[in-house]
Structures are given as C-alpha cells and as structure tokens.
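With chain C's structure known, arrange chain U on it following the hints.
Protein chains: 2
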Amino acid sequence: MTQVHDTKRRLLDTARELFYARSYEDVGVQEICQQAGVKKGSFYHFFPSKRDLTVAMLDDSWQQFQETLLAAAFAPDIPPLERIQRLLDMQYRHHSAVKEKTGHVFGCPFGNLAGEMSSRDEVIRARVKRIFSDLQAPIQNILEEAAAAGDLPELDSSATASAMVAYLEGLSLMAKTNNDPDVVRRLGPAMLSLAVPPA
Amino acid sequence: MTQVHDTKRRLLDTARELFYARSYEDVGVQEICQQAGVKKGSFYHFFPSKRDLTVAMLDDSWQQFQETLLAAAFAPDIPPLERIQRLLDMQYRHHSAVKEKTGHVFGCPFGNLAGEMSSRDEVIRARVKRIFSDLQAPIQNILEEAAAAGDLPELDSSATASAMVAYLEGLSLMAKTNNDPDVVRRLGPAMLSLAVPPA
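Which chain is which? The protein sequence lines are C and U, in order. With this note's numbering applied, the first sequence has no gaps in its numbers, which climb one by one up to 180 at the end. With this note's numbering applied, the second sequence has no gaps in its numbers, which climb one by one up to 180 at the end.
If we strip away everything but chain C, and leave its shape as in the complex, we get:
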C-alpha cells in the first residue's frame, strides 16, 4: 500500500469507528486527524470537507459490508429463506461482539447516520437512501426465489423486501436502545413473517 493510500485508509477507518461509537456531530475533523495520525492539511488534500469524508466512508463501508457479510449471508448454499435468517444471525453476532468490546450496542452504522443527518444534509441522506435500496435488491431476489420454490405465499416482493429492510433497521435501533443484542435473536425471526400482499 502506498503512503497516500495508507493515509486515506486511516482517515476512512478512523471516521467510521468514531462516528459509529458516537455520532457525526460529536466528532470533528481535528479529532479524526489526531486519532488517525494525519495532519489537517493532508486531510483537506483528500477530502474537501467532513461531509465528503463521510460520503467516501459510507461508500467504502457499504462495499466492505457487501463483499464480506452480505456475500456470506446470501450465498446460495442453503435455501433462500434460511439466508435471511443467516443475515439476522450475523447481525446478532456483530452487536454481541461490539458490546463485548465496548460495553455498548452501537446499532447500524448506516441507520445511525440516516437518523442523525437526513433532515439536515441532502447529500448524506441520498447516499444512505441508496445503500438501503442496494440492500433491498438482494432481499427481493431471495423472496422471489423462495416464492418460485413454493416456500412463500404470493406477495409483492419489492414492497416486502423494503419492509424487511425497515424491520432490520428497527431491530438494530431497539438493540441499541436496550443495549441488548438479544433483541435481534429474539425478534429477528419475525422478519420472515412480514408480507405485503400483491396490489
């Protein structure tokens, strides 16, 4: 890794970590630079503003999430609906690991930013909106595969997948509010009962 790439990577990783543990507004450029060991001038060489860093961090985090967790959860080695349960199991293990390490459930990094910033920053809002729609798409594919295999009643697969993304986000928020990963283990399977009938 070149030094330039290494500096940028440290800024992205540090921003992700600090925003996730606290909030966007609570963390400033100065603190990000300090913790990443990067000079402020160097920060502004890579990112014109904290918002630009945040958008780059969202892109980067989402790509990592897709390539690791989502690819593993949705791999077609098990029947379609079991893949959704596997995603829930991973969500539970993630919250448990974070709580083990920090004492807190931090929730969903994308949902946290959406909740904090959507009414104040159209660029960040639009980016998280696209992430949620990128998560909805493979869930919709799974529902269609399950319906074709006769494992599901007839439903509006697009709307049901959107409902499932909303529920996933609601679960993460409840786990955070209760500081209890077990919320996901206990209430997660109900996600498979969500159904929007065809119009």
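Hints are computed from structural coordinates only; laboratory data are not their basis. Take these hints with a grain of salt, some might be off.
Same chains, same names: a pair is fine if it fits in one copy or spans any two.
Unchecked claim - Using 20 Å as the maximum straight-line C-alpha spacing, the simulated SDA-like pairs for lysine to any residue come out as follows:
| id | residue 1 | residue 2 |
| --- | --- | --- |
| 1 | K21 | E6 |
| 2 | K21 | Q66 |
| 3 | K110 | V8 |
| 4 | K31 | R3 |
| 5 | K110 | S174 |
| 6 | K80 | I105 |
| 7 | K31 | V8 |
| 8 | K31 | A56 |
| 9 | K20 | G84 |
| 10 | K80 | A107 |
| 11 | K20 | P57 |
| 12 | K82 | S23 |
| 13 | K110 | A128 |
| 14 | K20 | V10 |
| 15 | K31 | D7 |
| 16 | K110 | D163 |
| 17 | K110 | N159 |
| 18 | K82 | F113 |
| 19 | K110 | R167 |
| 20 | K31 | E6 |
| 21 | K80 | P61 |
| 22 | K80 | D102 |
| 23 | K21 | P179 |
| 24 | K80 | D58 |
| 25 | K80 | E48 |
| 26 | K20 | Q44 |
Note that the coordinates shown come from a computational prediction; the quantities given were computed from them, not determined experimentally.
Relative to the frame of chain C, chain U by itself:
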C-alpha cells in the same frame, strides 16, 4: 399559567422543536435560550444541564403523545387490529404535515434521540427505552384482545408487540431517509403480518 411555568414550557417546547428538526448534539443551551427568549441563568434554574432538559422534554413529549395521538388511535370504538392501522394512518399524516411545513420528514422524535445518544448517555438511553416499553404495552393489549376475538393466530403477544414497535421505528427511519411519508402508507399495513409464535 404563571410566569415560572410559562418559562419552563417555552424551554421544553423549544428544545423539542430544535432537537427534532436537527439533532441533540447540533443544538446548544445558548441557542435554546435565545429561541425561547429565556436568560441562561433562568435555564439553569430549571435544568442543571442540557441532559436534564432533554429527559424532562422526553417525559413531557411522551405524556402528550399518550394523551392525544395514542389515546385517539387506540380508543376502543373500532375492532382491535383496526386501531393499529389507525396509529399507522396517524403516523403517515404526521410525517406528511411536517414535510408540508418544513420540506423534511423528521422521523420519530424518540427514535432519533435513541439512535444518536444511546451509546453515549445512559440516562437518555434508559428514558427512551422506557418510552418504547410503554408503547409496547398497549399494543400487546390490543393483540390479546384480537386473539381473544379469534382475529389472530396464536402468538407471543409480548414479543409480537415488541416486534411491532421495532417495525414502527424502522418505518419512521425509512420515511426520514427517503424524505417520503408515503413509505408509511405503503409499508405500514405489513405491520399486522408480524407474528412471533408462542415459545
């Protein structure tokens, strides 16, 4: 209303309004005082800190929510499950009215604070946790009434009511992220399909 009560009321209302439109961290005591037309010394007479104001504001907002919206939505003049749909209709109209006025969907005032503050402030987290559990209780009653009337399959009414609160919060977050109240109208009815079977 005495002047003391009037000052306190203005501080509570202003804090609620500013936190809801933006965030906890983005709004300081000075700005709250300025907008409420209250001197800083007077603020600290009523509230030792911004956190104390926030807890009082949460109590006050939740009481108002219960006495107005929730009482109207859950009034027993219609069958139990229709009351849940009436709450969803109210949520939709609320987001629509706020968007009409401000251009934005602000989401759920309780969920916003929970998402922003739960990993950083145990007092605020505990207060919102109690609010969610106070919302879960009447939903559980409605589910039990519906089950007794034969309108529902056998289910774990407590866990299903918790799942419904999670879904409500997820819907508000999605409406905020999409800046579109229609998310609630389109996906809301699926809440009634959520079911956690008995253990």
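Comparing the hints with the structure gives:
With identical chains, the CA atoms of K21 and E6 are at most 20 Å apart within one copy only, with a shortest distance of 18 Å there and 23 Å across copies. In the homo-oligomer, the alpha carbons of K21 and Q66 never lie at most 20 Å apart, since the shortest distance is 44 Å inside one protomer and 52 Å across protomers. Proximity of K110 to V8 under the C-alpha cut-off of 20 Å is found in neither arrangement, the shortest distances being 22 Å within a copy and 25 Å between copies. When the C-alpha separation of K31 and R3 is checked against a cutoff of 20 Å, the pair qualifies both within a copy, at 15 Å, and between copies, at 17 Å.
Proximity of K110 and S174 under a CA criterion of 20 Å is satisfied in neither setting, with 24 Å inside one chain copy and 25 Å between copies. In the homo-oligomer, the alpha carbons of K80 and I105 lie at most 20 Å apart only across protomers (18 Å), although the nearest pairing inside one protomer, at 27 Å, exceeds that limit. Taking identical chains as interchangeable, the C-alpha atoms of K31 and V8 lie at most 20 Å apart whether they share a chain (10 Å) or sit on different chains (18 Å). With identical chains, the CA atoms of K31 and A56 are never at most 20 Å apart, being 35 Å at best within one copy and 48 Å at best between copies.
Within a single copy, K20 and G84 get their C-alpha atoms no closer than 31 Å, and across copies no closer than 38 Å, so neither meets the 20 Å cut-off. Taking the shortest Cα distances, K80 and A107 sit within 20 Å of each other only across copies (17 Å), while inside one copy they are farther apart (29 Å). With identical chains, the CA atoms of K20 and P57 are never at most 20 Å apart, being 45 Å at best within one copy and 63 Å at best between copies. For the homomeric pair K82 and S23, neither the shortest alpha-carbon distance inside one copy (31 Å) nor that between copies (42 Å) is at most 20 Å.
Taking the shortest alpha-carbon separations for K110 and A128, neither the intra-copy value of 27 Å nor the inter-copy value of 37 Å comes in at or below 20 Å. Only within a single protomer do K20 and V10 lie at most 20 Å apart by alpha-carbon distance; the minimum there is 10 Å, versus 32 Å between protomers. Taking the shortest alpha-carbon separations for K31 and D7, both the intra-copy value of 12 Å and the inter-copy value of 15 Å come in at or below 20 Å. Taking the shortest alpha-carbon separations for K110 and D163, only the inter-copy value of 15 Å comes in at or below 20 Å, while the best intra-copy value is 27 Å.
In this assembly of identical chains, the alpha carbons of K110 and N159 lie at most 20 Å apart only when taken from different copies (6 Å versus 25 Å within one copy). In this homomeric assembly, K82 and F113 never come within 20 Å of each other (Cα to Cα): the closest approach is 27 Å inside a single copy and 26 Å across copies. Within a single copy, K110 and R167 get their C-alpha atoms only as close as 27 Å, which misses the 20 Å cut-off; across copies the closest is 17 Å, which meets it. Taking the closest pair of Cα atoms, K31 and E6 come within 20 Å of each other both inside a single copy (10 Å) and across two copies (16 Å).
In this assembly of identical chains, K80 and P61 lie within 20 Å of each other by CA distance neither inside one copy nor across copies; the values are 30 Å within and 38 Å between. In this assembly of identical chains, K80 and D102 lie within 20 Å of each other by CA distance solely across copies; the values are 15 Å between and 29 Å within a copy. Proximity of K21 and P179 under a CA criterion of 20 Å is satisfied in neither setting, with 54 Å inside one chain copy and 57 Å between copies. Taking the shortest Cα distances, K80 and D58 never come within 20 Å of each other, neither inside one copy (30 Å) nor across copies (45 Å).
When the C-alpha separation of K80 and E48 is checked against a cutoff of 20 Å, the pair qualifies neither within a copy, at 24 Å, nor between copies, at 36 Å. Taking the shortest Cα distances, K20 and Q44 never come within 20 Å of each other, neither inside one copy (27 Å) nor across copies (49 Å).
Going through the hint list in order, the structure does not satisfy hints 2, 3, 5, 8, 9, 11, 12, 13, 18, 21, 23, 24, 25, 26.
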